[in-house]
Amino acid sequence: MGWAAITRLLAQGRSLSGREPNSCFLNLGNQDGVAQFADVSAATGFNFSDDSRALGFVDWDFDGDQDIWMLNRTAPSVRFLQNNQQTGNHFVAFHLKGVSSNRNAIGARITLTTQDEKGKEMRQIRTVTTGGSYLSQSSFWMHFGLGKHHKISSVTIRWPKGAIQNFEELEINQFYQIPEGGEPKKRPRSTKTRSDLKSGPLVPPALSNAARMVLGNRPLFPPYQSELFSNPSSAIGLGKASLVSLWSAECPHCHDELKEWTQEADSLEEAGFKVTLLNVDPKSIQKELVRKKQQELSLPFEIGLLAPEEVGAIDAYQQAISAIHLPLMTPTSFLLDEKGRVCVVYRGAVSAHTIIEDLSLVGLNDKGLIDSSVPYQGRWWKTPRGADPNKIALKMHDDGLTKQGIRYLQAEIENMEGGEAPERIRPLFELYFSLGRLFFQMKRQDKAIEALKKAVALNPRHLPSVKDLGRMLYEAGELNDAIPYIKQAISLEPKEIENRTLLIFSAMRLGKTDLALAECKKGLKISPSNSDLHFSHGLALQSMSRWTEALQSYEKAVRLNPQLVMARNNMAWILATAPDELVRNGKLSRHLIEPLLKLNIKDRPLFLRTAAAGAAELGDFETALRLLADAQELASSTLEPQLKVDRSFYSKKEPYRSVESK
Amino acid sequence: MIPSCKERGKVGSNIGKEDTRSQKIISKNETNPDGFGSRLKKELDLVDSSKGRWSTETFGEVASIRLKSLGKAMMKNGSAEYLHLQSFFDSEPQFDVLRPSGNKLDVIYKGDQIKVFRANVSQVDDKKSDFRKVLKDLAAPLLSLGEPHSKFKIFRVNEEGEFVLTKVIVLFYAHDDNGNSLQINARWNVVWTKAEVPLIRKIELIDYEEIHSVSEDEQFFVDSTRAIIPENTDAQEQLSKGLLHWSRGLEPNTGVSTNGYNGLSVGDLNGDGLDDLFVCQTGGIPNRVFLQTANGRLKDHSELSGANWLNDTRCVLIVDLDNDGDNDLVLNVPNGIVFMENDGAAQFTKRQEFLAKGAPFGLAAADPDGDGFLDVYVCGYGSVWGGVGEYKHHIPHPMHDADNGGANLFLRNSGKWTFVDETQSVGFNHNNTRWSLSAAWEDYDNDGDLDLYVANDFGRNNLYQNEFQQTGILRFSDVAPELGVEDLSPSMSASWGDPNNDGIPDLYVSNMFSSAGNRITTQSQFMTEASQKTRDHFLRMSRGNTLLQGRKSQDQIAFQDTSEESGITVGRWAWASRMMDINNDGWQDILIANGFMTGEDPADL
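Quick note, the sequences are listed as chains A and B, same order. Residues in the first sequence are numbered from 1 upward in steps of one, following our numbering. Residues in the second sequence are numbered from 1001 upward in steps of one, following our numbering.
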């Protein structure tokens, strides 16, 4: 299971190590100097199955034992756990105040020695500290439990700056405030009013999927072309603010909502709303269901019939704008401004009254809208950016609705380029980049290249766009066009080898072996042990008939990456066919190629051809011809002419020789 | 608002879903143009047992369900004859006595309120085939208290011919209305006969422990939040809800997180000698700042404090940064560190900001150079988010020993509200690309200056030794490898203490205990291509929490990993883990906040 899969499942409400009871380990004392513990989580009532995160300790009620503040991810998010221990054990607590040391005396070390009735001593240390355990801070009161020890023999404080103070006459069961260099002062123990804290936990309300979400930066509503059922008038996005609601004829909450809206139709109209009801019922019975509901309620609104993929796109949209991905529920309604941009989403039924009140949000600027999108007053350190249209489109793609994703991006780009709010939400080049990606997914390379060219024109330093563009042009065979972008990608990220190998292949395919060779050398300087580069280097050298050097490069590649079968094949080929007798070695060639013949991969015909050349080199033309015949059976049309040439040699009992390049 | 359909519209939206499903599969087969995540995917696939569906994991799931049902069945009051239990067992089941008693049980802790008993299991050897009696003896004391609870976690599964051997962590507990509790911790060997519904053939005790807690009124810890946080206020409403609520109604760009990486701090904000409370909150909802009143209640002070940031706030420290006698604030927001000055009345003004290099998590303040001013160490997790396509460094690599995290910062305090990044000049730049979550200062070697332990997720931890006392120069070097305290595991936090009271600081590190991890990494087919060392790393990563006891050895401090011996590894998915003497007996206990993500769906991934 991949990372992304886990994230997706969690966003859908799955659990990962959820409902784990918090743990409390009781110290049982030492055995051979090693502290022994027992898990007493349940016996002490500490085993809350919250997703807890932080713990802060403090004797909140000054009763001589430490209480706990706890923070949770789950509800309730805060618990105050009162320590209700009834052991009768003694304690002492100190609050240190630095004078020449830091005021909080962080780093001060307290050593406490106590005695029991038999004169048995016990020594404890504590260091004043803060931070440390996960995202928490505890009280600066340093608390010591004393068991049944009734006498404090000594207290030694080593202050952060090094001064040491000793105290011998301190009492048990007291809270002492001690300033650096000064005398301890008692703080009174608990007051009566504090014993009545016992109450109970904060009670969380029941979790509901219904929500009213104000969208900070009003992302466009997904474009749709619903079949109009009734009240045909101008489409949304032109004119007043509109209310779009997705509903099903069989959903009782939709029924109640629509009934209420119908009663309030005049108020809605007066407020300036255009209401569109988009039905999501199955195509086969959609019209019939809608007609029945229409007769029943006499809906005075425009009604449209959504196609399944349009429902899917709106579902993807409502999931992408939310931190947790809840499947689309009916009714879900959207309050749109005059440009078709969403200001408020209502999951679940909503009253006409609320909608009319929310109309005031439409007129707010982005800052105002963002401030209205949070439930309580607070301040922003950095005002957040708006919902990301890239994410919305990619979510549609993830849901199998790539076409809808493309349409969404195109609409958002049009909206931005229309000058309404240029780059209000995200930079335009990012949208073109995403558009390029989605076109690529649709196997529309021409469109992808067009979009990426726009992205690169807007931001020539955006590496992912530049890189993708170079690669797509290369794959489309437009090598001359590709090279400048590949070079640009290299200059943006010189360490990335992938771009450099792409440039080398482009150069080789264009016959620019000098350029290829030069790039190999540059790349190997940066990354001397990259097997792909050594392989490319070998290819370039081979094409220049520099057989021995090519063999060396291939050998390095194979040594670095034994999986590079083509390097092995090419070595075997050179050893079988090089015009230079000193380079050829038929036996070694056979040794290299034999293991590859066991692989059943698409390059098998090539391996067979190489093996044939090796056999011919060793004078075994019968085997060579047999291997060629095997290759023939599997070969693609591009390899066939070459096999034909080989066969003409072997039938004449002549080995094949590579041609020297000029 | 009118109440609404809890489930999505039955008909319409289903259609949309079903129709897109076939398209979904097509899109999955297409290649991703930039190959994002493929490296990580490979690594995760290595540990992914569901790929190819290991028979042991499938068995583990079924056995888990069986044990859960058995737990429920045997704790049903009134069904004294236990006839209904027959279906769980093989025809001739063999049983150890599952609740040893009498002279087979030793008292190993005798507190005034809590007593702990342990069985000498080697003496418990009389096999009882009458499983009804064995189970009845086990259940009876629990049933006499109140409604018993049972929990089982299978941490080993091994197939042997027609049998399957499992090792199980077993927990039973119950308490009465007066707070008297009984808790039973045990580990069992359970042998199963393979069948469509597997049958228990044998149960053996590996170890057994029983805790009795007596009380006059209520349990040891009692949730008393309601009386303290003022009723019918925004603050109370806000804190009563959890992230499952907020993640439903807020846009992701507000910074609302479904993970809930937020903390809280206790400290005196207004200088009245009473500790106050600062609750950090996720994006989109404000931090809650409270002042404590004389009667122990809280007063909401969020708006007046000026620290009610709406951005996701993970950690805050309440410390005096300018030595003027009141406590100031340093807190982190996404990508930033904010320093705020206290005017004395708990109204805070922003004085300085820092951009963090890695997503900031834990903060730890101390004065390691003794100049009287507190400096701040900032833990950095992954790298800071970039734009589209700039996330490739955001995945830990390699997963079991990641060193591509965001840099931690050491911000040195001039005392005049200027903090300077001196990470490099003091040597904290070494081993500084881990995924750090917490840091804890302590003078572990007792040489008079503070050293720093840093807990890192996905890999090894650091112990930076301070050379200030020896050289007069603030300089740190990472001595974790030579002291053997790297604790190679996904660490979430660390805290110092002295649980064995020998006067030398000990260290408790919280990690993740994963029973699934324990099961999978001990299978022979786990990561067959990896080296034994890597396999051991993965098993070690599932072990859980770690206790490192400091001890003196030839005038040097050395650490001894006593985790297993001390019995503190199973802290589950552990976050804050701190020592505190809960019962004032003079020995520090350990409290652990744990659990990762509870969703509505109870099935755990």
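I should point out that these hints are in silico values taken from the structure, not numbers from a laboratory. Bear in mind that the values here come from a model prediction, so they are computed numbers and not experimental data. Backbone N, C-alpha and C fix where the C-beta goes; we use that ideal spot for every residue, glycine too. Be a bit skeptical, because a hint or two may be false.
As the list claims (entries may be wrong) - Pairs of lysine-lysine residues, derived as DSSO-like cross-links and limited to a Cα-Cα distance of at most 27 Å, are as follows:
hint: 1; chain 1: B; residue 1: K1416; chain 2: A; residue 2: K97
hint: 2; chain 1: A; residue 1: K97; chain 2: B; residue 2: K1299
hint: 3; chain 1: B; residue 1: K1068; chain 2: B; residue 2: K1110
hint: 4; chain 1: B; residue 1: K1350; chain 2: A; residue 2: K97
hint: 5; chain 1: B; residue 1: K1068; chain 2: A; residue 2: K198
hint: 6; chain 1: B; residue 1: K1115; chain 2: A; residue 2: K151
hint: 7; chain 1: A; residue 1: K391; chain 2: B; residue 2: K1357
hint: 8; chain 1: A; residue 1: K495; chain 2: A; residue 2: K512
hint: 9; chain 1: A; residue 1: K495; chain 2: B; residue 2: K1552
hint: 10; chain 1: B; residue 1: K1110; chain 2: A; residue 2: K120
hint: 11; chain 1: B; residue 1: K1167; chain 2: A; residue 2: K148
hint: 12; chain 1: A; residue 1: K382; chain 2: B; residue 2: K1416
hint: 13; chain 1: B; residue 1: K1533; chain 2: A; residue 2: K161
hint: 14; chain 1: B; residue 1: K1153; chain 2: B; residue 2: K1202
hint: 15; chain 1: B; residue 1: K1110; chain 2: A; residue 2: K118
hint: 16; chain 1: B; residue 1: K1136; chain 2: A; residue 2: K382
hint: 17; chain 1: A; residue 1: K148; chain 2: B; residue 2: K1110
hint: 18; chain 1: A; residue 1: K151; chain 2: B; residue 2: K1110
hint: 19; chain 1: A; residue 1: K120; chain 2: B; residue 2: K1552
hint: 20; chain 1: A; residue 1: K339; chain 2: A; residue 2: K292
hint: 21; chain 1: B; residue 1: K1167; chain 2: A; residue 2: K198
hint: 22; chain 1: A; residue 1: K118; chain 2: B; residue 2: K1115
hint: 23; chain 1: B; residue 1: K1350; chain 2: A; residue 2: K198
hint: 24; chain 1: A; residue 1: K443; chain 2: A; residue 2: K487
hint: 25; chain 1: B; residue 1: K1194; chain 2: B; residue 2: K1241
hint: 26; chain 1: B; residue 1: K1552; chain 2: A; residue 2: K382
hint: 27; chain 1: A; residue 1: K367; chain 2: B; residue 2: K1350
hint: 28; chain 1: B; residue 1: K1110; chain 2: A; residue 2: K382
hint: 29; chain 1: A; residue 1: K522; chain 2: A; residue 2: K512
hint: 30; chain 1: A; residue 1: K198; chain 2: A; residue 2: K151
hint: 31; chain 1: A; residue 1: K161; chain 2: B; residue 2: K1552
hint: 32; chain 1: A; residue 1: K120; chain 2: B; residue 2: K1068
As the list claims (entries may be wrong) - Residues on chain A that point at chain B, a partial pick, calculated with CB under 7 Å:
hint: 33; residue: R73
hint: 34; residue: A163
hint: 35; residue: P188
hint: 36; residue: A211
Stated by the list, open to error - Okay, the calculated beta carbon distance ranges per label pair:
hint: 37; chain 1: A; residue 1: E549; chain 2: B; residue 2: A1558; range: 50 to 58 Å
hint: 38; chain 1: B; residue 1: H1397; chain 2: A; residue 2: E260; range: 28 to 36 Å
hint: 39; chain 1: B; residue 1: S1069; chain 2: A; residue 2: K447; range: 28 to 36 Å
hint: 40; chain 1: A; residue 1: E260; chain 2: B; residue 2: L1199; range: 30 to 38 Å
Against the structure, the hints:
| no. | hint | in the structure |
| --- | --- | --- |
| 1 | B:K1416 to A:K97 | holds (20 Å) |
| 2 | A:K97 to B:K1299 | holds (26 Å) |
| 3 | B:K1068 to B:K1110 | violated (32 Å) |
| 4 | B:K1350 to A:K97 | holds (25 Å) |
| 5 | B:K1068 to A:K198 | violated (34 Å) |
| 6 | B:K1115 to A:K151 | holds (25 Å) |
| 7 | A:K391 to B:K1357 | holds (25 Å) |
| 8 | A:K495 to A:K512 | holds (23 Å) |
| 9 | A:K495 to B:K1552 | violated (49 Å) |
| 10 | B:K1110 to A:K120 | holds (18 Å) |
| 11 | B:K1167 to A:K148 | violated (40 Å) |
| 12 | A:K382 to B:K1416 | holds (25 Å) |
| 13 | B:K1533 to A:K161 | violated (45 Å) |
| 14 | B:K1153 to B:K1202 | holds (17 Å) |
| 15 | B:K1110 to A:K118 | holds (18 Å) |
| 16 | B:K1136 to A:K382 | violated (62 Å) |
| 17 | A:K148 to B:K1110 | holds (13 Å) |
| 18 | A:K151 to B:K1110 | holds (22 Å) |
| 19 | A:K120 to B:K1552 | holds (23 Å) |
| 20 | A:K339 to A:K292 | violated (32 Å) |
| 21 | B:K1167 to A:K198 | violated (41 Å) |
| 22 | A:K118 to B:K1115 | holds (23 Å) |
| 23 | B:K1350 to A:K198 | violated (37 Å) |
| 24 | A:K443 to A:K487 | holds (25 Å) |
| 25 | B:K1194 to B:K1241 | violated (45 Å) |
| 26 | B:K1552 to A:K382 | violated (50 Å) |
| 27 | A:K367 to B:K1350 | holds (21 Å) |
| 28 | B:K1110 to A:K382 | violated (55 Å) |
| 29 | A:K522 to A:K512 | holds (16 Å) |
| 30 | A:K198 to A:K151 | violated (32 Å) |
| 31 | A:K161 to B:K1552 | holds (24 Å) |
| 32 | A:K120 to B:K1068 | violated (48 Å) |
| 33 | R73 | holds (3 Å) |
| 34 | A163 | violated (11 Å) |
| 35 | P188 | violated (10 Å) |
| 36 | A211 | holds (4 Å) |
| 37 | A:E549 to B:A1558: 50 to 58 Å | holds (56 Å) |
| 38 | B:H1397 to A:E260: 28 to 36 Å | violated (55 Å) |
| 39 | B:S1069 to A:K447: 28 to 36 Å | violated (57 Å) |
| 40 | A:E260 to B:L1199: 30 to 38 Å | violated (58 Å) |
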